[in-house]
Every structure is written in structure tokens, then in C-alpha cells.
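K.L.:
The listed protein sequences derive, respectively, from chains A and B.
Using UniProt numbering, read the first sequence as starting at 1 and increasing by one per residue.
Using UniProt numbering, read the second sequence as starting at 1 and increasing by one per residue.
Watch out, some of these pointers could steer you wrong.
Distance condition first, Cα-Cα at most 27 Å in a straight line; then the derived DSSO-like pairs of lysine-lysine [as the list claims (entries may be wrong)]:
| id | chain 1 | residue 1 | chain 2 | residue 2 |
| --- | --- | --- | --- | --- |
| 1 | B | 427 | B | 264 |
| 2 | B | 543 | B | 427 |
| 3 | B | 475 | B | 427 |
| 4 | A | 228 | B | 427 |
| 5 | B | 490 | B | 475 |
| 6 | B | 490 | B | 466 |
| 7 | A | 228 | B | 543 |
| 8 | B | 543 | B | 475 |
| 9 | B | 490 | A | 228 |
| 10 | A | 123 | B | 427 |
| 11 | A | 228 | B | 264 |
| 12 | A | 228 | B | 431 |
FYI, nobody ran anything at the bench for these hints, they're computed from the structure.
Predicted model, so just to flag it, every value in this text is computed and none were measured.
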Amino acid sequence: MITFILKRLGSGLVVLLTVSVLTFVLLYASSGSIARNILGDQATPEQLLVKEAELGLDQPLFVRYFSWLTHALRGDLGASWFSSEPVTNSLATRIPVTMTMVITAMILIAVIATLIGVAAAVKRGWVDRVVQVGAIIGDSIPGFVIGVILVTVLAIQAGLFPATSTISPGAPLNAWVMSMTLPVIALLINGVTGGAQQIRSAVIKQLERDYVRTLRSRGIGEREILFKHVLRSAAPAGLTVLSLQLIGMLGGVVILESIFALPGMGPLAVTATAQSDLPVVMGIVMYTVVVVIVVNLLVDLLNGWLNPKVRVS
Amino acid sequence: MTESVNTSALTPAPGTPGQSGTVVRSTVLKRLFKNPLGIVAIVILLGIALLAAFADVLAPFEENYANIAKTLASPDSVNILGTDSAGRDIWSRLLFGARLTLLSALLCAGVAVAIGLPAGLIAGYYAGRFEAVSNWVVSILMSLPGLIVLLTIRAAFGPSVWVSMIAFGVLISPAYFRLTRTAVQSVRNELYVDAARVSGLSDRSIIVRHIFSVVRAPVIIQTAAIAGVAIAIQSGLEFLGLGDPSKATWGVMLSEGFKNVYLKPELLFWPSFAMSLTIGALVLLGNAIRDAMEDGEKIKHRKKPADKAATATSGPSPTVTRASRKAVAAVESGTEHHLVKVTNLGVGYPQADGSIKKVVDDVSFHVDRGEILGIVGESGSGKSQTAFSILGLLPDTARIVGGAIQFDGDYTVAPGDDTVNQDRLSKLRGKRISYIPQEPMSNLDPAFTIGYQLVTPMVRVLGISKAEATNRAMKLLSDVGITYPDRTFKAYPHEVSGGMAQRVLIAGAISCEPDLIIADEPTTALDVTVQADVLDLIRDLQKRLGVGVILVTHNFGVVADLCDRVVVMQNGRLVEEGPVREILRNPADPYTQKLLGSMLEGKEPMTMLVAAGTEAAQ
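Work the whole structure out from these sequences, hints included.
P.N.:
Set out below in C-alpha cells:
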């Protein structure tokens, strides 16, 4: 078990390093005149040279990468070129907001999508049709459009929720709940419609397996077969679906946070991108990759726990 | 959010198309055009494509022409959908936005196909190191959320729809890669590719001829899905203000509407509608093509029972009527004492056109306690369907179309019922009727230990304690000839051999001391040497426990070895019934004679080679 985790962490580190190299090269090799970008069109050539030296842009790319890497290993991801705020600080204040939203949405999606998906697989009939149609509608409307519709109808027109968030690190719980309800719902709608449909097919696939028939022939009740055997066997497929959704959500939440003006990763990412604030962009990519690696590791561990075959190998 | 493209449902079933690509394609197309949702989707997409193509002609204004005197105007005769906050015509911008959106989606899908398809072909066809490397690259590409990557690309290359769509195309190319690789792998080893190779065709023409026809439909489905995702993500970037500000796009229009949401929320409607309509049409198109393909498979699967029923209803031959009359007579004498009595049973499957295809037709027989009845017939003769009717484990779609089944005097299928009485059978299953399946490995739940799967039914059915059930399970395991019962008890199904698993399943079948055991081809999936052991085991247990056994098999050798009486089935009908010895000695029906004739046992060896083969088989 320990070796399994270590192996996974090892391959995760390799991915992290690879992505950091690729992103660094991509960002720094192609962004034309970074100094002019920061200082504006009025800057003199001398000022530009000074700025470039200050940022270390006069050194070869791989030197800069190793300097970034050695700092990063010590927990220093550099500072924003525009606000001079250390990147780790910005991340530390914003990650809690984003992750609260993502994790809340994910837990709700897992519960609701599983309930609906299983009901559709077992009952078929109208529940099944609703799930099928729901999946088509959910696939058709992009998540941020749902966010825009929600904020327009429920916040601006009906006044049920604040249209822009009122949260800050010290804000009362109430403010957090009110500010996050709509974005979480926006995340939920796509997640539940898509997830329910895929969990439905995973459950149907298991229900058609031979061992289910044999369990029935042994006199085991339908409910026990469903909840103990079928759900367990369908769980790895469901987990994969949910983990892919979570990874996608890291992107979707960027737009939703911008819509709802939530002080999470979203606005930071958008501003940094628009300004080509490369240290911040680099930090955001690293945070994303780490989350992805952790999620995949958790999914692997859960699968190992669910499936004895994986556990052994 | 919608970035994960589901590929699992798209993997083509091995051997489905391929053999005759054009035929399959035309029938899929035909079925697609019969599906109203498919037609709606195609019409919508064509409509949007035409509007986009003729945007220059159709749009009354330039995409960025601003009439500052007329901002946020409501629809009138000049601006049929009104104007935005800069006084730009919404209808015109919608049309130009459609053009840009469709082109960028096409570019993205094109890039993804151009990378994923060849890579998948090479990885699938030649495997080896290329496959390993591509898999690694794929796992990295798949691990990143699309939007974050596009933000990075935007930070590096500045705002350009085309750059971001090319990047997204690269990022999403694994969808095609996996699809193609899986399809190629399943086709690669099939005989016709070997045959083509033997006949001297080059690798390239093999790929072109066979593999493209296999992946064509799934690629179209995938493209529809990817185009939808591309539109969503592209619009998302533009909504964030990270797109090219000089271009009219749906995302920019939505963002513009959102900025004026307090003044004129109506502005949000058209871009949202255009996006959802386009993506929705793509989703529907993908679903329609998938349904058309799946229907094709379903029809193929159902062809078997259909053929059977066709021959079954094509006028009974004189021998058939004689035999079934004889069987009915046999059942009707002395009814009450039979353990199972099947009377004129018919089983069928409703078809799409409303008709019912019969797979079992007018079958009657009985089984007594302490007796082994063989049901013999080739695959598709309805013998397993008959057995599952007695167990009440027919597929959900099956219907009883006639006759009755009694177990120990009680009806489990009463005359006139169209389904099996599950209330009654759920009390009998496990307790009085049990089942030995054909394929041992797939009939054990891989997630639970063998011990758990033996103990639980005893606890549930007999109401004994777990400890007592465990003791009994150990005894059962050694009864069925397992040398180290405690080791097997703790093992998971994948840790034991097929023969061992079948012994476990037999132990499970006798664990609750049933009166009737239904064994469906219990030795077919086993090694020849293990087959004999398992048959011996069934015979011993049957003698010791005095249970009735129904043995479903295609092998007359097994019948001769084990059974007291035998029922011969063909095309869903009962052909002949009687004591084994009598039928072996004097088969009346030509089909029975044919089955007997196809046995290896007792045949005159033709050459030494055949003789050696026969010995090895025994």
C-alpha cells in the first residue's frame, strides 16, 4: 500500500515537473517584450533594459527556469510583476474560496448524481427519460451561461441572493453561504446532469453482468444486490466520471467566480492572463496540477479499496 | 465543466462494421434520417451554417458598425433584434459571431483529428514504444483543465481565437487518439486483416480499407461532442474579455449584455440562445448517430432469435408434432408428484415493430426428485431460456407467451401470466431451486471473497448465524473437492482457477439444500480434464442429496454420462423426449440422430491423427 502511494506520488511529481517545464518555456519563450508590456509604451529603451535585468529576462531560458525551480522548491513562486504581491500569498488567500466551492459542489454532485443515476438505471421508465433529456440540456448550456442566467434571474431580478459576493476572509458564515449558493448551483447543474447519465450507464452495465444473475439465484434480495454488489462494482466508473468533472470544474469555476465577483482563483487568473503577469500564471498552473494529482491519487486509492484486483497488483 | 468528453460509449464494438463499410454506413445514415431528433439537429446545424456562410449578405450592418445615437435600442424595422450599448446591430453581430464560432469549432476539431487519428492508428497498429510514449503524453494532456491551459496560451500568445482553438485542438486530441487506438486494436487481430496481409496487401491499404470504416461513425460522434465543447470554451474565454476585442462573437455579446444587465437584461438572450441551440444541436446529432449505430447492433443481436422463431413458426414438421404430443402425454400422467412441471411453455421477446419473437415455443416436460433431466440442443435452441424461465431469471424484456410452470405443485408461471411470478420465485430461489452457471469466473463478484459469497446466501436464506454458515461453507468446500478450504475461503475470485471457481459455484448451489438444481452448461467453459471431475462431482452430490437436476447442455456425451431422461430441443421447440438409454439406442427424430452423430465418442477412428486427438479430448 505504501509503495503504491509512493509510486503514484512519484509519477505525480514527474507530471508536475514536465508541466512546469512546458509551461515555463511556453510562457517565457513566446511572450514578446515583457518589459514594454509592464512599463507601457512611454518607456525609454534604458528603462526597458533595467526592467529586463531586474526580472532576470536577460539570462538564458534554462537558467531562469532553474532559478524559478530552486525558489519554487523553497515555497517561493516569485511575485506579481504588477502588484508585487508574492504569488504564494495570493494563492493562499484565494485557494480556500475556490476549493470551498469546488468541494461543496463535488460532494453534492456525487450524492445527487448517484441517486438519480441509480434510480434511472433500476426504475427505467420516466425517471430514465428525464435523466436522458436532462443530460442533453445540461450538455447544451455552457456552465457560465447558466451562471449568468442564475445571477440575472435570482439575484438581480428576484433579489434572493447578492449579485456580487460579500465575502472576505473574516466574513460571517452567513455571507459565505449566501455568496456561494448560486455559483455552486451553476456548477451543480452541469455536473449532475452529466454525472447522472454516466452513473446510470455504469450501473446498467453492472446489472447485466452474470454474477448479478447468480446472486439472484442464491436468494439474495434485490436491494442488497444493488447496494452492496452493483454499486460497488460501478463505483470505479463513477469515480472516474466525477474526477474528470472535478478537473473540468477547476476551469469552469474561473468564469463563475468572475461572474459572481468571488475573491477566488478566477479573477486572479483572468487579470494575470490579460496582463501576461507570468509569475502569477505560472503559480496558477502549478496549483491546478497539484490539485489534479491529488484528486487522481485519491481516486486511485479509493479504487484500490473498492477493487481487490487493483489492491493486489 | 463540460470539458470531459465521454469516450467510453463511443468505442466501437469489435467487428460491428468493417466487413462491409459502405453498407453499414448507408444503413446508419438511413436510420439517422428516420430519427426525428437527428433530422431536427441536422436542420438546425445546416441553418446556422448557412446563416454564417452568408453573413456578409444577410447582415444589414458591419460587425463593428456603431450608431452612437441609438444605443440599447429595442427591436425595430432597422435593427430587427435591437442594438447593444455601443449602438451596434445585434442581428448582424449574431451572424458574424456564428461564422467565427463555427469556424473556430471546425478548426479545433480539425486539429484534434489531424493529431489524434494518425497517432491512434500508429499506436494501435504498431503498438510498441510509440504507444507507450503517446499514452504518457495523453495522460498529461488529459490531466489539465482546458480552460487553465487556454489561459496560459492566452498569456503567452495574446488574444487570438485561432491560436487558442489550435491549442484546444491539441489538448483534446486524446479523445480521437483513444478512440482510434481501441478500434484499431480490436480490428488488428481479426482474421480478415491477417487474410489481407497474406494476400499481399500493404499495411497502408489494410488501414485504409478496414480500419477507417470501423472508426468513421465514432469519429463523427466525437467530433460533434468536441465541436460543442470547443464552442463553450471559446465563448467562455471571450466572455472573460480574453478574446480578440475587434471580433463580434457570442461570448463577447454575452459579456456585453452582462455588463448592461441592470439596464437591459434582454441583451443576454440572443447570445445565450445561439450558443445553446448550436451546442444542443451538436449533442443531439451525436446522440442520434450513436442511437443509429446501437440500433444496428441490436437488430444484429436479435436476428438470431428472429431466425429461430421464423423457422419455428414456418410450419411444424410431422416429427415435431408427434414428439410434443408425446411429451404432453408424458407430463399429464400423474401430475402432483412432479418436482417441476413445464406445460406448453412459450417465451418471447417483443420487437420494435410490435411483434413478439418466440424463442421457446410449446415446450412441455417434467422433472422428479432424485432425477437428472438433460435438456440438449445446439446454441440458440431455447434450452437456456427454458431453464431461466424455471428460475425466474429471464431478462427484463422477456415475456411468457404461453403455458405454465409448476414447482412442487405451485404455479410459478400460472396459465395466462405473461411474466414469471417473482413473489413466489424469490422465496424459492436459493432455498429450493438453485443454479450452477456456465462461465465460472464471471459469475462470482470480483469485489468479494469467495467465503463471503458462500456465507451470505446461507445467512439470508437459512437464517443461521455467520459463524455457523462459515463452518458449513468450509465443509461444503471440502465436499466439492477443494483441498485447502480455508485458503479458498479467504481468496478473491481472481485468485483461483476456473475449475476451482466452478467447484465454489457448485458448493454455493448446494449450500442451502435445494430440491432442484439447474445447471446451465456447467462444464462448457472448463478444461477438458476438469470437465470430467466436475461431472463426477455433480453425479455424486445428486446421489447423496437426492435432488432433482436439470442439466442444460449441447453435449450428448454429458447426457449419456449423467442423465436419466433427456429432452431434445431445436429452434425453440421440443423435438424428442424420453429415457436416455432409449433415445441413445433408438433416436426417432432426425435432429437427434444428427446430434448423436456429431459426438466423438464411439466413432470409428479414421486415421491415427484423429484417434490421438479423440483420446486427448477425453
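K.L.:
For every hint, state whether the structure bears it out.
P.N.:
Comparing the hints with the structure gives:
1. B:427 x B:264: violated, 66 Å
2. B:543 x B:427: holds, 25 Å
3. B:475 x B:427: Given that 27 Å is the threshold and the Cα spacing comes to 25 Å, the pair holds.
4. A:228 x B:427: Judged against 27 Å, a Cα distance of about 20 Å means the pair holds.
5. B:490 x B:475: holds, 14 Å
6. B:490 x B:466: Holds - the C-alpha atoms of residue 466 of chain B and residue 490 of chain B are around 15 Å apart, at most 27 Å.
7. A:228 x B:543: violated, 36 Å
8. B:543 x B:475: holds, 18 Å
9. B:490 x A:228: It holds: about 19 Å lies between the C-alpha atoms, which stays within 27 Å.
10. A:123 x B:427: Status holds; Cα separation ~22 Å.
11. A:228 x B:264: Not OK: residue 228 of chain A and residue 264 of chain B at ~54 Å, beyond 27 Å, violated.
12. A:228 x B:431: holds, 21 Å
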